[in-house]
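K.L.:
Using the sequences and the hints, build the whole thing.
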Amino acid sequence: MKVIDIIKDANANLLRNKLRTFLTILAIFIGSFAIVSTSAIQAGVNSFIDDQVNSYGGEGYLAIVNKDSMDALEGLTNAMGGGNSGPIEYDPDKKQDGMTPINEEQIEKLKKIDGIDGDSIVKQKSLDITYVTSKETDKKYLMGAEALPPGNIKVATINGHSLDLKADEYQLLLEHTYVKALGYDDQNIVDKKIKIVVKDQFTNEEKTFEARVVDVIAPGVVSMSMSYFNNKLADDIYEENTKYYPPEYKDMTAAVAANYDYNKYSAEEIKDKLEDIGLSAMTIDDIVGSIKSFFDVILTVFKIFGFIALIAAAIGIINTLFMAVQERTREIGLDKALGMSSGKVFASFTIEAISLGFWGSVFGIVVSIIIGNIVNVAFHAEGAFLESFPTFNLVIYTIQDVITVTLLIMFIAFLAGTLPARRAAHKNPIDSLRYE
Amino acid sequence: MSKKPLISTRNLRKSYGRRSAAFEALKGINLDIYEGESVAIIGKSGSGKSTLMHLLALLDKPTEGTIKLEGKNTSQFRQHKLNDIRNKKFGFVFQSFFMNSNDTVLNNVILPLKIAGVGFRERRRRALEALRVVDLADKAKNKANDLSGGQKQRVCIARAIVNDPKVIFADEPTGNLDSGTGERIIKLLFGLNERKGITLIIVTHDQDLANMCDRQIHIADGEVVEEGIKQELYDENFDGDNDNDGMREKNTIKRIDVEED
Ligand SMILES: Nc1ncnc2c1ncn2[C@@H]1O[C@H](COP(=O)(O)OP(=O)(O)O)[C@@H](O)[C@H]1O
Ligand SMILES: [Mg+2]
Chain A
1 MKVIDIIKDA NANLLRNKLR TFLTILAIFI GSFAIVSTSA IQAGVNSFID
51 DQVNSYGGEG YLAIVNKDSM DALEGLTNAM GGGNSGPIEY DPDKKQDGMT
101 PINEEQIEKL KKIDGIDGDS IVKQKSLDIT YVTSKETDKK YLMGAEALPP
151 GNIKVATING HSLDLKADEY QLLLEHTYVK ALGYDDQNIV DKKIKIVVKD
201 QFTNEEKTFE ARVVDVIAPG VVSMSMSYFN NKLADDIYEE NTKYYPPEYK
251 DMTAAVAANY DYNKYSAEEI KDKLEDIGLS AMTIDDIVGS IKSFFDVILT
301 VFKIFGFIAL IAAAIGIINT LFMAVQERTR EIGLDKALGM SSGKVFASFT
351 IEAISLGFWG SVFGIVVSII IGNIVNVAFH AEGAFLESFP TFNLVIYTIQ
401 DVITVTLLIM FIAFLAGTLP ARRAAHKNPI DSLRYE
Chain B
437 MSKKPLISTR NLRKSYGRRS AAFEALKGIN LDIYEGESVA IIGKSGSGKS
487 TLMHLLALLD KPTEGTIKLE GKNTSQFRQH KLNDIRNKKF GFVFQSFFMN
537 SNDTVLNNVI LPLKIAGVGF RERRRRALEA LRVVDLADKA KNKANDLSGG
587 QKQRVCIARA IVNDPKVIFA DEPTGNLDSG TGERIIKLLF GLNERKGITL
637 IIVTHDQDLA NMCDRQIHIA DGEVVEEGIK QELYDENFDG DNDNDGMREK
687 NTIKRIDVEE D
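If you're matching them up, the sequences are chains A and B in order. Take 1 as the starting number for the first sequence in the working numbering and just add one per residue. Take 437 as the starting number for the second sequence in the working numbering and just add one per residue.
To be clear, the hints were calculated from the coordinates, so they are not data collected in a lab. Among the hints, erroneous ones may be present.
What the hints assert, rightly or not - Label pairs and their computed distance ranges (CB to CB):
#1 R16/A - E500/B: 21 to 29 Å
#2 E471/B - I403/A: 53 to 61 Å
#3 F459/B - R16/A: 33 to 41 Å
#4 I403/A - D574/B: 42 to 50 Å
#5 I7/A - S456/B: 42 to 50 Å
#6 L415/A - T540/B: 29 to 37 Å
#7 L15/A - R514/B: 33 to 41 Å
#8 F459/B - I403/A: 35 to 43 Å
#9 S456/B - V367/A: 31 to 39 Å
#10 K440/B - K2/A: 33 to 41 Å
Said to hold, decoys possible - Calculated cross-link-like contacts (lysine-lysine; reagent style DSBU-like; alpha-carbon spacing at most 30 Å):
#11 K344/A - K112/A
#12 K8/A - K577/B
#13 K632/B - K602/B
#14 K666/B - K2/A
#15 K666/B - K8/A
#16 K2/A - K524/B
#17 K632/B - K666/B
#18 K344/A - K497/B
Beta carbons: idealized from backbone N, C-alpha and C, even for Gly.
P.N.:
Structural data, given as structure tokens:
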């Protein structure tokens, strides 16, 4: 018997008892839907997080500061207000902790560490901004900012504009929580000028920089509450910060960005090596890890639901096919009497099971794609909970995921089908002949 | 006629059930069936006719004894070969029709060819040809269930001949039919026997049907109790020409009475 005939017959047999077939497929559908949907959400979340990771410099990125600065840095990050808690108001009486600079000797040692890419090292100067404000508000806010590191052009922005690093005017990409605080919204703040004030720590004289907001940094899970300045703005503020410093202090490095070979070394190994030369580092995992694991836990729970549904579906397949074997005893007997091998009988029932799996998973995938896209749009509508994350695609369906899930379900269906198929294959044609 | 038997059995035994509750349905059958013959296996219900036929048709394996097909011991054959023989060399007709009643007439007739892996067009052509032989070509598209009993049995005959078999096994082919319809089925079967030389092995409890066969093998309680050939064949082969008795030398040709046993 030809394979194509076995497949055709298997599908024709499924249509004989349509209600039963429908109910069996329904159970598979639920499992397929759950698994494909969670995969799509996971892909959406991962892609979103990856965008953020890439806007830092990808996997292997290290944000390095002096060991003594780590506490100060954490304090600063908290003070700037992480995530959506918004900027902190400026209080002239409260003094911020300073950073201990990284010296040249440490940078030379860093270059020589095995696993650190020497060419990737970028020195970052610390910009000391006293507060920011705008025409639209009387309030003054603290601000963390740095020059956009060269090559770091993938910062996701809400309106899709990017900095002109070499421009002769003052430009910045504004951290998103400042938009409302400064009296604007995400769209109308574009091209508006805000005031960045720097107060000299010795003379208390204030200097104001009027900088054009090029765009707003898209809110993300790894927001470090940093705004990015173009070179001119960063250089001029640094010059202002250090204008009374003796020349040898003018070129201080506050932090270093570097890449390490993450295929060869674990983050812990690299951190230990840096520790030895008095440096402290944060990896991308330190920054995004907790968010990722939060989503992973939720999605794993959903996936487990999906697999439980699939196990139930597998039992459904077994049940359905046992009934079919019973009903078709005479037919199987006739097939075998007329020379069909046990192997072909086995194949015909397992293919029936695989077909059930195939159709169930295909329907699950199709419905998931439809519902996923509707929900994605709905969640980004005004007032919905993803409104403030316009670059976050809730669901991403990849061909790979879709094919993997389909094959997996077909395989589970095959396994389920082997039990009834074995019974069918072992049927004795004589017994079937006598079976009335 | 060939001198070697097509099918021959020696000391064929078949028991059902396990040791203590074992029941011996066949108690040592010796038979030779020659190519082109029509043979009736006749006996009362429960005498073991179907059991014997199933063994001859390689549908089942004997508990003891041998079945030779064209001189080869079938117990040596692998399952695959047995399947192939049933598929290509044998045709089957059963009392209870034994067909897929929800399928079309054509698909029922196609079944052996489909199992054989014959291509779509070819098997369709051959099935229609077989249906023409049984005069049912116009019913090809009908559902098998919608046919009368006689028509159903003709479909089964079409299915039995669609693969151009050497032997047709018919188990009570007229058992479910009225005598008129039964006669038509008998004519069909004997027509195939005469025109195509297909060996006929008919299981029946109907003496009239048995009388039409070249040879009758009477079975009672799992034993051959009597064997006989048609009077005209007996006359042709043995009356005054004892040199030409080769084909029957292994067979008892005189009538054996049960009492004599
Ligand atoms: N599978 C079986 N298990 C037990 N006994 C059987 C089985 N098949 C047949 N028999 C017994 O063997 C005997 C012969 O049966 P069968 O060959 O069908 O007779 P017939 O066809 O002459 O009516 C009967 O007594 C029947 O009950
Ligand atoms: Mg019988």
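K.L.:
Lying within 33 to 41 Å: is that true of the beta-carbon distance K440/B to K2/A?
P.N.:
holds, 36 Å
K.L.:
Check the following: the C-beta atoms of L415/A and T540/B are separated by a distance inside 29 to 37 Å.
P.N.:
holds, 34 Å
K.L.:
Cβ-Cβ distance between I403/A and D574/B: within 42 to 50 Å?
P.N.:
Holds - the Cβ-Cβ distance for I403/A and D574/B, about 48 Å, lies within 42 to 50 Å.
K.L.:
Has the hinted range 31 to 39 Å been met by the Cβ atoms of S456/B and V367/A?
P.N.:
violated, 60 Å
K.L.:
Keeping to a limit of 30 Å between CA atoms, is the pair of K344/A and K112/A held or broken?
P.N.:
violated, 67 Å
K.L.:
When you check the alpha-carbon spacing of K8/A and K577/B, does it fall within 30 Å?
P.N.:
Holds, at about 19 Å.
K.L.:
With respect to the beta-carbon atoms only, verify the hint that F459/B and I403/A lie 35 to 43 Å apart.
P.N.:
Violated - the Cβ-Cβ distance for F459/B and I403/A, about 57 Å, lies outside 35 to 43 Å.
K.L.:
Would you say the C-beta atoms of E471/B and I403/A sit inside 53 to 61 Å of each other?
P.N.:
holds, 57 Å
K.L.:
Tell me if the beta carbons of F459/B and R16/A are separated by a distance inside 33 to 41 Å.
P.N.:
holds, 38 Å
K.L.:
Would the hint linking K632/B and K602/B be met if the CA-CA limit is 30 Å?
P.N.:
holds, 9 Å
K.L.:
Keeping to a limit of 30 Å between CA atoms, is the pair of K2/A and K524/B held or broken?
P.N.:
Holds. K2/A to K524/B sits at ~16 Å (cutoff 30 Å).
K.L.:
With a cut-off of 30 Å on the C-alpha distance, tell me whether K344/A and K497/B pass.
P.N.:
Roughly 21 Å between the alpha carbons, so the hint for K344/A and K497/B holds.
Checked against the numbered hints above, the structure breaks hints 1, 8, 9, 11, 14 and 15 and satisfies the rest.
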